[in-house]
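S.K.: Construct all of the structure, not just a fragment, from the sequences and the given hints.
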Amino acid sequence: YIGLPVNVGAPAARNWLKNMNELKLYDYVAYLDDDASVPSDWQAHFSAAVESYPDAGVWGCKVVNEDQQEVIQHADLHLRETPAEFEDALRGFEFAYLDPYNQDLDYGQFDYCRPCVSVTGCFHLFRQETLSHSGDFDLRYSPTQYDDLDHDLMLATAGKTAVYQGKLKVQHKRKSGSAIILSRAARGGGAGNVLKLESKYEAREISDIIARDIERLETDFTEKALKVGNVMKEFDS
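Per the numbering used here, the sequence shown starts with residue 142, numbered consecutively.
Note that these hints are calculated values from the structure, not bench results.
Keep in mind that the hints are not guaranteed to be accurate.
[What the hints assert, rightly or not] If you anchor each label on the Cβ, the simulated ranges turn out as follows:
1) K314 / D240: 15 to 23 Å
2) A326 / L280: 13 to 21 Å
3) G144 / E228: 44 to 52 Å
4) F376 / Y238: 37 to 45 Å
5) G276 / V372: 39 to 47 Å
6) Y238 / R281: 15 to 23 Å
7) P284 / L246: 25 to 33 Å
8) E235 / N162: 40 to 48 Å
9) K365 / L280: 36 to 44 Å
Virtual Cβ for every residue (Gly too), placed ideally from N, Cα, C.
M.R.: Dropping the structure here:
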């Protein structure tokens with residue numbers, strides 16, 4: 142446990158931890174928000190995801206409301222293409238993503254494990270070697286909001302994928318999210334961080350990330366469909 146007299150923000154805290162010599166002794170590093178709680182079998186679920194997708198850059202989970210566990214906060218994130226007519230002197234692309242899970246009721250429809258562009262930083266797992274070589278979390282997103290997504294995009298531009306493990310369900314109080322809903326100042330901070338994100342990456346980089354994501358999803362679906370088909374054949378024989 143490390144206690145600090147001030148809130149240094151999520152990016153700085155993550156960088157502090159990732160550069161501690163004590164953590165260099167471990168093969169994997171996990172980050173957990175201080176307002177989140179994990180089930181007792183979290184290691185088994187993450188281990189299954191790592192075994193299925195050993196080359197991933199980061200593994201994440203499904204996040205639900207603490208006081209309404211049937212409501213989903215976050216699942217796997219996949220980016221939308223920026224419109225072809227998009228032009229902006231400041232922004233390189235238009236940040237938009239597929240969010241069928243956002244505040245949706247959880248009846249098991251997201252209990253899968255598959256590649257994606259980004260997973261939530263509420264609880265995510267890294268291989269130590271990948272985390273050490275991926276670069277620090279960007280301090281421009283302090284105190285929080287989109288620093289985890291930006292880091293996943295850094296991994297994605299390097300050819301790494303995120304992997305979502307939907308069988309691992311984490312309860313989250315969502316302090317920062319609630320603040321943004323209630324506070325105009327907090328909403329402005331979040332909007333400012335989106336602008337930083339959009340000005341950091343070029344449209345071509347994002348298009349390449351989306352293309353690789355689609356290719357991985359198609360390959361993943363095909364492999365799983367073939368496995369199901371083989372199992373069905375065994376039942377028929």
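S.K.: So, for every hint listed, does it hold in this structure?
M.R.: Now for the hints, and whether the structure bears them out:
1. K314 / D240: 15 to 23 Å: 20 Å, holds
2. A326 / L280: 13 to 21 Å: Holds - the Cβ-Cβ distance for A326 and L280, about 20 Å, lies within 13 to 21 Å.
3. G144 / E228: 44 to 52 Å: 48 Å, holds
4. F376 / Y238: 37 to 45 Å: 38 Å, holds
5. G276 / V372: 39 to 47 Å: 42 Å, holds
6. Y238 / R281: 15 to 23 Å: 20 Å Cβ-Cβ, so the 15 to 23 Å window holds.
7. P284 / L246: 25 to 33 Å: 31 Å, holds
8. E235 / N162: 40 to 48 Å: Distance hint for E235, N162 holds at roughly 41 Å.
9. K365 / L280: 36 to 44 Å: Taking Cβ atoms as reference, K365 and L280 lie about 39 Å apart, which means the hint holds.
Of the hints listed earlier, there is not a single one the structure fails to meet.
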